[in-house]
Every structure is written in C-alpha cells, then in structure tokens.
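Q: Make the full structure from the sequences, and use the hints.
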Amino acid sequence: MVHRDARWFPDPEKFDPERWTPEARESRPKFSYFPFGGGARVCIGERFAWMEGVILMAAIAQKWRFRLDPPDTQVVPLPLVTLRVKNGLRMIAEPRAASIKSSRRAGT
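Just so we're aligned, residue 553 is where the sequence shown starts under the working numbering, counting upward by one.
Hints listed in this document are in silico derivations from the structure and should not be mistaken for laboratory results.
Using N, Cα and C, we set each Cβ at its ideal position, and we do this for glycine too.
Hints may be right or wrong, so weigh each one.
Unchecked claim - No more than 30 Å apart at the CA atoms, straight line, and that leaves these computed lysine-lysine pairs for DSS-like: (1) Lys-615 x Lys-638; (2) Lys-566 x Lys-638; (3) Lys-615 x Lys-566; (4) Lys-566 x Lys-582.
As the list claims (entries may be wrong) - Ranges of calculated distance between the beta carbons of each label pair, as one might list FRET restraints: (5) Val-594 x Glu-646: 33 to 43 Å; (6) Pro-569 x Trp-616: 11 to 21 Å; (7) Phe-567 x Ala-645: 11 to 21 Å; (8) Ile-596 x Asp-624: 38 to 48 Å; (9) Trp-572 x Pro-631: 13 to 23 Å; (10) Thr-625 x Ile-596: 30 to 40 Å; (11) Ala-649 x Gly-589: 40 to 50 Å.
A: Here is the structure:
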C-alpha cells in the first residue's frame, strides 16, 4: 500500500511516467517505493531485473502495438503479493507498420 500512498504519489491510481524522473525520486523519502525490498534484505537481482525489463519492453515496443480487447475494458488492480489485474488483461498485439517495412527491406 505504501506504493499508492497519496502523500508521496499525487493521484496514486493514475499512470504517470513523470514519477520516475530523477527530480521526482529525489523529492520522496527513500522507502516510498521499494518493489525489491530494502535495507539488509534487498533483492540482489534488482539492478539486473530493471535493466532486463527496460531492454525487453523496448524490443517489444519497437515491433508491436498493444490495445485492449474489448477497447472499453475496465482495468481493475488486484493487489496481492505483486500487483495484478483482476480477471486478467486481454490485449491484441498488432505489428507496427515501420517494423513491417524494415523487415521487408531486410528480406525477411
């Protein structure tokens, strides 16, 4: 629940990438967000997990665009040990036009 505390995250249910800028991080207390634990029990794989996640998302986003199916789906968070989406999240993956053109030029 601390990750959704309005003291540290204005409008905590809103998706706001600006929360992760260096300036925004500096304005919050150290343990206002700690998905990998903290202190003596912090996960040793945290740095690798962040790096792997960014690379994976960039590689996928270069070639695919995702949209909800159906488009008016209500996304309801389900906080368990990790944050999930209640009833799952059905998406349609569509190839990006630019990746189709570049793969045709490459002969694939």
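Q: Confirm or reject each hint.
A: Hints and how they fare:
no. : hint                          : in the structure
1   : Lys-615 x Lys-638             : holds, 27 Å
2   : Lys-566 x Lys-638             : holds, 17 Å
3   : Lys-615 x Lys-566             : holds, 26 Å
4   : Lys-566 x Lys-582             : holds, 21 Å
5   : Val-594 x Glu-646: 33 to 43 Å : holds, 38 Å
6   : Pro-569 x Trp-616: 11 to 21 Å : holds, 19 Å
7   : Phe-567 x Ala-645: 11 to 21 Å : holds, 20 Å
8   : Ile-596 x Asp-624: 38 to 48 Å : holds, 42 Å
9   : Trp-572 x Pro-631: 13 to 23 Å : holds, 20 Å
10  : Thr-625 x Ile-596: 30 to 40 Å : holds, 37 Å
11  : Ala-649 x Gly-589: 40 to 50 Å : holds, 42 Å
Of the numbered hints listed earlier, not one is contradicted by the structure.
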